[in-house]
Amino acid sequence: MTERTGLEWMREHKGPLAGYRVLDFGWVLAGAIPGMVLADMGAEVIKVETRERLDYMRLGRPIIGTEMDPEQHPMFHNVNRGKLSVTLNTNEPEAVGLARRLAAHCDVALENFSPGVMERLGLGYEALKAVKEDIIMVSISSHGQSGPLRDLRAYAPSIGAMSGLDSTLGYEGERPLGLKHAYADITGALHAVFAAVSALYQRRRTGRGQYVDVSMLRATAATMGAGLMEYEATGRVMAPMGNYDPTMAPYGNYPCMGDDRWVSIAVGSDEEWRGLVEATGQPEWAGEDRFASRYQRHRNRGELDERLSEWTGSRDAWAITELLQSHGVAAMPVMDAEERLHDRHNLERGLYREIEHPALGMEPIFNLMWNLSATPAAIRGHAPLLGQHNRQVLCDMLGLSVVELADLEERRVVY
Amino acid sequence: MAYGLLEGVRVLELGGFISAPYCGKLLADMGAEVVKIEPPVTGESSRGYGPFLNDDPHRERSGLFLYLNATKRGLTLDVGTPTGMGMLAELAARSDALVHNLHPTEMERVGLSYESVSRGNAGLVMASITPFGLTGPYRDYKAYDINLAAAGGICQGLGEAGRAPLTFGAPQVGYFAGMAAASSIVMALLARETLVAAGEPGGQHIDIAEVETMSGVYNGPEALMAVYQWRYTRRTGHHALDFPYPNCILRCKDGYIFVGSPETRQWRTLLELMGNPDWARDARFTNRTVMNNEYADEIDGYMEEWLMEHTKAELLAMAMERRIPLGPVRGFDEVRNDPGLADWFEEISRADTGALSFPGVPYALAEAEVRDAAPAPYLGQHNEEVYTGELGFSHEQLVALHQTGII
Numbered sequence: 053m054t055e056r057t058g059l060e061w062m063r064e065h066k067g068p069l070a071g072y073r074v075l076d077f078g079w080v081l082a083g084a085i086p087g088m089v090l091a092d093m094g095a096e097v098i099k100v101e102t103r104e105r106l107d108y109m110r111l112g113r114p115i116i117g118t119e120m121d122p123e124q125h126p127m128f129h130n131v132n133r134g135k136l137s138v139t140l141n142t143n144e145p146e147a148v149g150l151a152r153r154l155a156a157h158c159d160v161a162l163e164n165f166s167p168g169v170m171e172r173l174g175l176g177y178e179a180l181k182a183v184k185e186d187i188i189m190v191s192i193s194s195h196g197q198s199g200p201l202r203d204l205r206a207y208a209p210s211i212g213a214m215s216g217l218d219s220t221l222g223y224e225g226e227r228p229l230g231l232k233h234a235y236a237d238i239t240g241a242l243h244a245v246f247a248a249v250s251a252l253y254q255r256r257r258t259g260r261g262q263y264v265d266v267s268m269l270r271a272t273a274a275t276m277g278a279g280l281m282e283y284e285a286t287g288r289v290m291a292p293m294g295n296y297d298p299t300m301a302p303y304g305n306y307p308c309m310g311d312d313r314w315v316s317i318a319v320g321s322d323e324e325w326r327g328l329v330e331a332t333g334q335p336e337w338a339g340e341d342r343f344a345s346r347y348q349r350h351r352n353r354g355e356l357d358e359r360l361s362e363w364t365g366s367r368d369a370w371a372i373t374e375l376l377q378s379h380g381v382a383a384m385p386v387m388d389a390e391e392r393l394h395d396r397h398n399l400e401r402g403l404y405r406e407i408e409h410p411a412l413g414m415e416p417i418f419n420l421m422w423n424l425s426a427t428p429a430a431i432r433g434h435a436p437l438l439g440q441h442n443r444q445v446l447c448d449m450l451g452l453s454v455v456e457l458a459d460l461e462e463r464r465v466v467y
Numbered sequence: 013m014a015y016g017l018l019e020g021v022r023v024l025e026l027g028g029f030i031s032a033p034y035c036g037k038l039l040a041d042m043g044a045e046v047v048k049i050e051p052p053v054t055g056e057s058s059r060g061y062g063p064f065l066n067d068d069p070h071r072e073r074s075g076l077f078l079y080l081n082a083t084k085r086g087l088t089l090d091v092g093t094p095t096g097m098g099m100l101a102e103l104a105a106r107s108d109a110l111v112h113n114l115h116p117t118e119m120e121r122v123g124l125s126y127e128s129v130s131r132g133n134a135g136l137v138m139a140s141i142t143p144f145g146l147t148g149p150y151r152d153y154k155a156y157d158i159n160l161a162a163a164g165g166i167c168q169g170l171g172e173a174g175r176a177p178l179t180f181g182a183p184q185v186g187y188f189a190g191m192a193a194a195s196s197i198v199m200a201l202l203a204r205e206t207l208v209a210a211g212e213p214g215g216q217h218i219d220i221a222e223v224e225t226m227s228g229v230y231n232g233p234e235a236l237m238a239v240y241q242w243r244y245t246r247r248t249g250h251h252a253l254d255f256p257y258p259n260c261i262l263r264c265k266d267g268y269i270f271v272g273s274p275e276t277r278q279w280r281t282l283l284e285l286m287g288n289p290d291w292a293r294d295a296r297f298t299n300r301t302v303m304n305n306e307y308a309d310e311i312d313g314y315m316e317e318w319l320m321e322h323t324k325a326e327l328l329a330m331a332m333e334r335r336i337p338l339g340p341v342r343g344f345d346e347v348r349n350d351p352g353l354a355d356w357f358e359e360i361s362r363a364d365t366g367a368l369s370f371p372g373v374p375y376a377l378a379e380a381e382v383r384d385a386a387p388a389p390y391l392g393q394h395n396e397e398v399y400t401g402e403l404g405f406s407h408e409q410l411v412a413l414h415q416t417g418i419i
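If you're matching them up, the sequences are chains U and F in order. If you use my numbering, the first sequence closes out at 467, no skipped numbers anywhere. If you use my numbering, the second sequence closes out at 419, no skipped numbers anywhere.
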């Protein structure tokens, strides 16, 4: 930990990273989340952005009115909460100089531009190392900083496709569907966080800095254990199988009473099967030979699903969940965003916190939920307005005068 | 491949399947010394899950186990006995961190709590990975991957309207819990010195709920869909509402490909590659979000007519040259045989399995030594080394512990 930090910071901020400072060039989603995690964990995170090329996450339809407004994107508010914002137009050499001066005050630098951009700007690892010898720099890119696909334009869904993830998502025997969520952004971001904090740990022991090159494709493929090992071990290639598990039946989402209501049910052991049979009132079909063993149930899972759907179809998803859980059977309703927001368990644990943002008022912002008992994470403030902390950072930290700052703003260096 | 950033950190891993093992794997690949504890006789659950090498359903041939547990040492221990729990506490006294994924009801049954294992080590960091967390009304609920995906918001948006919501094609949630636990453990170790200097014990207990790794970081911002009535996570097959067209998986000559063009330039380039077709000048097709929401199926037909003339490899080459985001939907054979990933997959040999290739680590470090990974442990492989060599049990005691089913 650096000298300025330590105890006072931790007492005040409580997070495990209190006292560390991060220069955050990350943008959109994969680049924003590592800084978000480090900020929640108590680090001071300075987001470097520019009006010259706005973070895509600041774009999009405005919530209030019809004019484009960079302060009105709630997704941005979620993944940039608690950060400071400094606007530096890195097309201008003076702005690059300021960014380097900031790096000298930071422990970690994060970025997810296309490979080569930071070097071209004069902000690559070697340049930052020259001003801060033990800096830890983390780059996130779609296919890594080297290799044949380095320059391929890619987003989370195209990486999901190339990682093998999408090849298994779909109804049995039908086309692959792809995920709605940015899986590859999250795996890239979270592996980047792990590498960054591990590098901080090493730096504390050895005093050495580090450069980390995270590939979102590799980060996603690393979570494809079952599929990649299936091919390695048997030569078979997985394809869409609907809701399928090689060891369990029933295993699926079953229709319930109401409009588009479903309950997930999964039965592994014989004990769980007996719980399901008892909970469903010992129906005749449950006693049939074709469902008598785990093997038989898995083999005849289509028929089993039909029988179970008849039972679930006239019942409420939560009533089924409570009944099955009380018999030791794993069940949960398929929950949408609204249901999760108001869910009693999520409310009690504090999954969301209402945070006031100057442009949009009170908004639900999700909590990180990595609950450390002695040094808890916390949302430390609303997402910054564009350039909100120019003065705090450039004047207070770098010692620029207010007149100098005004001049830099006038000339669109600070922009 | 392994890096030595966490050299000297001693970690105990108690648990099975994916979440705690992936946490242990991340730490081991960073150089921590990870000791894995499994139930005697059967071993942990991924040993029975497969996929099995050459379809031989043997507990030492599970591909998932061999992948997730490389570079760890392995012990057997029945923590459900007072002797076993006592030995766990002894091991914990010599460790920096303990990660487990026992269910809360199982923790209660065997008497596992932060207090019980940290008695001899006030600086211990313990991470509990459970389906719904250590507090709250669903604490004791049971959940498998599909239940966590359902409650975590994955299923609602995956599939077609009117048909059953889908889940991941293989268990995935545990990886996210493993990542959360591993980072949290390292951060707690970073904070330990400062806490001790302040007169605090230094250790702490980390509560990771698997469901929250989905409903939180993964898709937490989705609450906004409810607040602002956004629609993109509705089940609408291979399309997502309210995106500019195209943003979907379409057919091509030899399979499927993701076609995206968030930037206008990219869409123009794509049209140019297609030879600026007449249909694109249709008056209905001026706004790409309207195209996506109202006419996607019709336009898919036009797009696929062109795409069906090209293979995935040809389309990827065009994507590289013209800087547009196309992504072939690759099967796991194609991922494994991607020349760009050839040096990423890592070969690890063990006497009984021969050489197998495993996914490597997702990051490269410029200023660190790379070490080869060691194979996953046989069940109880390091019992003698650890119990006799490190805890000081005699050989006779070890035999007795074995005979009584403790190890």
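By construction, these hints were calculated from the structure, which means they are not laboratory data. Certain hints may be false.
Unchecked claim - Pairs of lysine to any residue, SDA-like flavour, derived with a Cα cap of 20 Å:
(1) U:Lys66 with F:Val208
(2) U:Lys66 with F:Pro387
(3) U:Lys66 with F:Glu379
(4) F:Lys265 with U:Thr258
(5) U:Lys181 with F:Glu212
(6) U:Lys181 with F:Ala210
(7) F:Lys265 with U:Glu391
(8) U:Lys184 with F:Asp384
(9) U:Lys66 with F:Lys265
(10) U:Lys181 with U:Thr258
(11) F:Lys265 with U:Lys181
(12) U:Lys66 with F:Pro213
(13) F:Lys265 with U:Arg227
(14) U:Lys184 with F:Asn288
Results of checking the hints against the structure:
1. U:Lys66 with F:Val208: At roughly 14 Å apart (the allowed maximum being 20 Å), valine 208 of chain F and lysine 66 of chain U satisfy the hint.
2. U:Lys66 with F:Pro387: violated (40 Å)
3. U:Lys66 with F:Glu379: violated (31 Å)
4. F:Lys265 with U:Thr258: At roughly 54 Å apart (the allowed maximum being 20 Å), threonine 258 of chain U and lysine 265 of chain F break the hint.
5. U:Lys181 with F:Glu212: Given pair lysine 181 of chain U, glutamate 212 of chain F is violated - Cα atoms ~35 Å apart, limit 20 Å.
6. U:Lys181 with F:Ala210: violated (32 Å)
7. F:Lys265 with U:Glu391: violated (41 Å)
8. U:Lys184 with F:Asp384: violated (31 Å)
9. U:Lys66 with F:Lys265: Status violated; Cα separation ~56 Å.
10. U:Lys181 with U:Thr258: At roughly 16 Å apart (the allowed maximum being 20 Å), threonine 258 of chain U and lysine 181 of chain U satisfy the hint.
11. F:Lys265 with U:Lys181: violated (48 Å)
12. U:Lys66 with F:Pro213: The given pair, whose Cα atoms are some 15 Å apart, holds under the 20 Å limit.
13. F:Lys265 with U:Arg227: holds (14 Å)
14. U:Lys184 with F:Asn288: violated (51 Å)
The structure does not agree with the numbered hints 2, 3, 4, 5, 6, 7, 8, 9, 11 and 14 stated previously, though it agrees with the rest.
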